[in-house]
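Q: Sequences and hints are given; from them, build the entire structure.
One letter stands for each residue in the lines below.
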Amino acid sequence: MGMVSCATTQLPSVGEMEALQLQEDEKRLWNRSDEEQRRLNNSSYIYEDPVISAYVNEVAQNLIPQDIRGKGLSFQVKIIRNPLLNAFAYPNGVIYAHTGLISKMENEAQLAALLGHEMSHVTHRHTIENYRSVKNTTAVLATIQVASVPFGAFGNLASALGTLGAMAAVTGYSRELETEADTLGLVLLINAGYDPKEAPKLFEHLKREVEQQDKKEPFFFGTHPRLQERIDNYNRLIKTKYPDATGMKNTERFMDIISPLILDNAMMDLSMGRFSSAEDGIGRFLEIDPQNSRAHFYMGELYRQRNDAADKEKALNEYNLSIQYDPSNPAPHKSIGLIYYKLERYQEARAEFEKYLILFPDADDAAYIEQYIKAMPTK
Amino acid sequence: MKIKSAFYLLFAFILCGCVATWVAVGGKYKSGSENYTVELPEGWRQYTPAKGKLLITKDGFTLQRIQIVRTKIDTELTHTKKKFEKGMLPQEAAEVVIDNLRSNPNILNQDIIENMPAQVGGHPGFKIVYTYQNKSGLNKKGVFFGLLTRDWWYEMIYEAPERHYFPKDLPTFEKMIETFRLIKDAAA
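These protein sequences, in sequence, are chains A and B. For what it's worth, this note's numbering labels the leading residue of the first sequence as 1, then goes sequentially. For what it's worth, this note's numbering labels the leading residue of the second sequence as 1001, then goes sequentially.
Keep in mind that the hints were calculated from the coordinates and are not lab data. Don't take every hint at face value.
Stated by the list, open to error - With a Cα cut of at most 25 Å, we get these calculated DSS-like pairs of lysine-lysine: (1) B/Lys1175 <-> B/Lys1053; (2) B/Lys1081 <-> A/Lys312; (3) B/Lys1086 <-> B/Lys1184; (4) B/Lys1053 <-> A/Lys342; (5) A/Lys314 <-> B/Lys1081; (6) A/Lys78 <-> B/Lys1135; (7) B/Lys1081 <-> A/Lys374; (8) A/Lys314 <-> B/Lys1083.
Unchecked claim - Beyond 10 Å from chain A on every Cβ pair, some chain B residues (computed): (9) Lys1028; (10) Lys1030; (11) Gly1032; (12) Thr1037; (13) Tyr1047; (14) Gly1060; (15) Thr1071; (16) Gln1091; (17) Pro1124; (18) Arg1150.
Stated by the list, open to error - Negatives, chain A to chain B, calculated, CB over 12 Å: (19) Gln23; (20) Glu35; (21) Leu73; (22) Ser74; (23) Glu178; (24) Asn191; (25) Gln228; (26) Met248; (27) Arg274; (28) Arg304; (29) Leu338.
Given the structure is predicted, the values throughout are model-derived calculations rather than measurements. Ideal Cβ placement from N, Cα and C applies to all residues, glycine included.
A: Quick look at the structure:
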């Protein structure tokens, strides 16, 4: 956002130091980071899945360059339960990535591209450079105000991040520092053996996603110009420096491990009424696990709730698949019952509602179902 | 002397402003424009600047509030892109309300304690009981009654800190909801 218009004195990167030595204002920034992270980690925003968490951290550990190891800087990745496109790093090496961003990735190389970019902000001490540039200026206030503006669903998370988190997540860094993070991140990606061509693909994919959404997102990785900058930088670097570089993508491993997150994120999209994004997520999950009863049920819910032309038929089809793959799943019976009930096909509705109550006698919504059954004509 | 007069004038102005902002309520309340009547509890006060909604409290909004709002059925909701639709069942409307609550970024640890059908003004509606934590870490509890008519959506909410205040004024709210009536038919 051009927040740091005048470049400050370049600080040595952690790799250039004998051991990590923080300057006074940097120490204060780290303490503040700890505070903000404590608040974030104790909130219900953190996505808890030990397998996925271990996996993303493993990918991050493999990216750490040799000249950083043993210098007193460690990296940790945490996932935030939020469907918007966002990731950011604190100066102490803790990186937060939203489920919304991870769920849009296609392979491990793309995850590594994002983490490499964020890790480079940390290793090259971009937060303190940024902070010094904007300190005591109206830009700090502007950032905080931007972060506090309610951006609609889930967007106000920015205000929960605290100033440092919001600065990194919402405004990002100066164009120069972001370009440096792209350049260095790509080196980390290549050194770890990943295909660098996946980096621009990730951001092209995110750009398409942003263009499809009718509302703009508040975060750095959800804004069109910032994504275009990443795409241009990565394409230029690949073309000029690494035209023949190839490497691993690890698509299958990535999808196997990440797929539960994709489905969980799609549920958040569905709650927010972001139907196209939810449909995309559930569809991707079903490509990995086509006989998953829960995913077919959710797809049915999406069609029933969206209620476009032909959606009823699509919903019924998905519910039937859900039952086919798990006959003990009560949920699709209720939803089929609701569709028939509204179509005044009472006999079929009654049969489905009764099956639902047999399979799930303690259902929270039993009172609704009993009311429907009671209200329906018996013939 | 002039300064003293100006001070008294200002004081009177503020006083008038306060009186206009908070109005003591109690007994029958009729809103012809919103098409409903309801019996308001004695000793509560209405916050009059709240346009388009009935907003009352006894001790201040942080301690308890009751609100009744009527909105056009196709009005966009604050947090979810889902909308109410004509012909929705009360259970489907409740799903939309719950999704709007779950998508609210300003509150944490949202939990739905109860979601059940309810008669609202003699019409089929729903009742949701929920809890959440606000940004200051205070646990709050609320009861939400909803009713869809042909073109309108009514919501009646009672919300208070979960501890002490919520159970204290819940019977008052429930009694008030029993008196809620639409003036014209629900299909209107």
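Q: If a hint holds in the structure, say so; if it does not, say that too.
A: Now for the hints, and whether the structure bears them out:
1. B/Lys1175 <-> B/Lys1053: Given pair lysine 1175 of chain B, lysine 1053 of chain B holds - Cα atoms ~19 Å apart, limit 25 Å.
2. B/Lys1081 <-> A/Lys312: holds, 20 Å
3. B/Lys1086 <-> B/Lys1184: holds, 18 Å
4. B/Lys1053 <-> A/Lys342: violated, 32 Å
5. A/Lys314 <-> B/Lys1081: holds, 21 Å
6. A/Lys78 <-> B/Lys1135: Holds. Lysine 78 of chain A to lysine 1135 of chain B sits at ~21 Å (cutoff 25 Å).
7. B/Lys1081 <-> A/Lys374: Violated, because 33 Å separates the two Cα atoms, which is more than 25 Å.
8. A/Lys314 <-> B/Lys1083: holds, 20 Å
9. Lys1028: holds, 31 Å
10. Lys1030: holds, 30 Å
11. Gly1032: holds, 32 Å
12. Thr1037: Holds: least Cβ distance 26 Å, greater than 10 Å.
13. Tyr1047: Per Cβ check, tyrosine 1047 of chain B is outside 10 Å of chain A; nearest 21 Å; holds.
14. Gly1060: holds, 23 Å
15. Thr1071: For threonine 1071 of chain B, whose nearest Cβ neighbour in chain A is about 17 Å away, the distance exceeds 10 Å, so it holds.
16. Gln1091: violated, 5 Å
17. Pro1124: The assertion about proline 1124 of chain B is violated, with a minimum of 8 Å to chain A.
18. Arg1150: At roughly 16 Å from the nearest Cβ of chain A, arginine 1150 of chain B sits farther out than 10 Å, so the non-interface label holds.
19. Gln23: Glutamine 23 of chain A clear of chain B: closest Cβ-Cβ about 33 Å, beyond 12 Å.
20. Glu35: Given that every Cβ of chain B is farther than 12 Å from that of glutamate 35 of chain A, nearest at about 15 Å, it holds.
21. Leu73: holds, 31 Å
22. Ser74: holds, 28 Å
23. Glu178: holds, 26 Å
24. Asn191: The claim stands: asparagine 191 of chain A keeps its Cβ more than 12 Å from every Cβ of chain B (closest is about 38 Å).
25. Gln228: holds, 26 Å
26. Met248: Correct as stated: the minimum Cβ-Cβ distance to chain B is 37 Å, above 12 Å.
27. Arg274: Arginine 274 of chain A not clear of chain B: closest Cβ-Cβ about 6 Å, inside 12 Å.
28. Arg304: violated, 9 Å
29. Leu338: Leucine 338 of chain A not clear of chain B: closest Cβ-Cβ about 7 Å, inside 12 Å.
Going through the hint list in order, the structure does not satisfy hints 4, 7, 16, 17, 27, 28, 29.
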